[in-house]
Amino acid sequence: MTTAYLNGRFLPLEEARISPMDRGFLFGDGIYEVIPSYDRNMVGFERHMARLASGLAAIAINNPFSVEQWQSMLRELLHANPWSDAAVYLQVTRGTAPVRNHRYPEHCEPTVFAYPFAISPRNPGDATTVTRYSAVTGTDQRWQRCHIKSVALLGNVLHMMEGADRGADEILLFNDADELTEAAACNVFVVINGQVLTPPLDQQKLPGITRNMLIDILRTHGDIPFIERVVTREEVCSADEIWLTSSTKEVVPVTQLDGRMVGDGEPGPFWQKAQRLFDRYRFSV
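Everything in the sequence shown is counted per the numbering used here, starting at 591 for the first residue and increasing by one.
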């Protein structure tokens, strides 16, 4: 049985109930985070809290908890469930309003919901055990505020299903200028001529926590050449390595793109080195 948290109560997940008048349900009016934990120690907690606070401020929802209160509640939630390795999904919506109206009321009590789910153990950079991902390419048709981690994920869902319908695990997205933005549910890194590249952040991309942690680790602890710059579709399609990053996947290799092998079709040496660094330093950045 999974224990969840909803508006001040810990309760079985199947007993959690939210009003149909909740603006998160009616309008996607809310913000979410997914925080991984290993041995019930949360990874990047303060970074997730900073992004949560930024997202709530961006859509004018008052943060219902202090950082310390979030930490206390989430720790209690993790210990109330059976998994030592788990991710916590947390969502804050604007709350319930008396009528459905695009204009939200001045005073609204936020709805706070969280629940954990099991995740795979950490991968220390072992190319023999890591999951290999396939991807396809497509044109980014989401909204222009992708830097906000909104619960309104229909655009991402449609892109993910587009990839699935084409037999892939993910889809790499490009804007009208054929510049890489991100994937449906991940940030993207590529390796070209011995250099690791990822696009700089703007309103087209989510500031991924794993992305930012990996960048800090590469810059501080690694000897891998790294740069943030615009990456074109042509460069992605001819890259030596492609990586996906997210809180639940961490850093994983794409070994097939649009039905063709990436590099030699195996997790590359740069990925192996980067993943080992990430495994070593994930709790210290």
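Honestly, the hints are just simulated from the structure, not real lab data.
Everything numeric in this text was worked out from a predicted model, so none of it was measured.
Take the hints with a grain of salt, since some may be wrong.
Unchecked claim - Simulated DEER-style distance windows between Cβ atoms:
# : residue 1 : residue 2 : range
1 : E696      : P859      : 50 to 58 Å
2 : D755      : S662      : 39 to 47 Å
3 : D806      : P695      : 36 to 44 Å
4 : V875      : R607      : 34 to 42 Å
5 : G618      : I782      : 34 to 42 Å
6 : D813      : M851      : 36 to 44 Å
7 : N631      : G598      : 20 to 28 Å
8 : V657      : R630      : 13 to 21 Å
9 : R630      : Q731      : 20 to 28 Å
We put the CB at the ideal spot given by N, CA and C, even for glycine.
Of all the hints given earlier, name the ones this structure violates by number, lowest first. 6, 9
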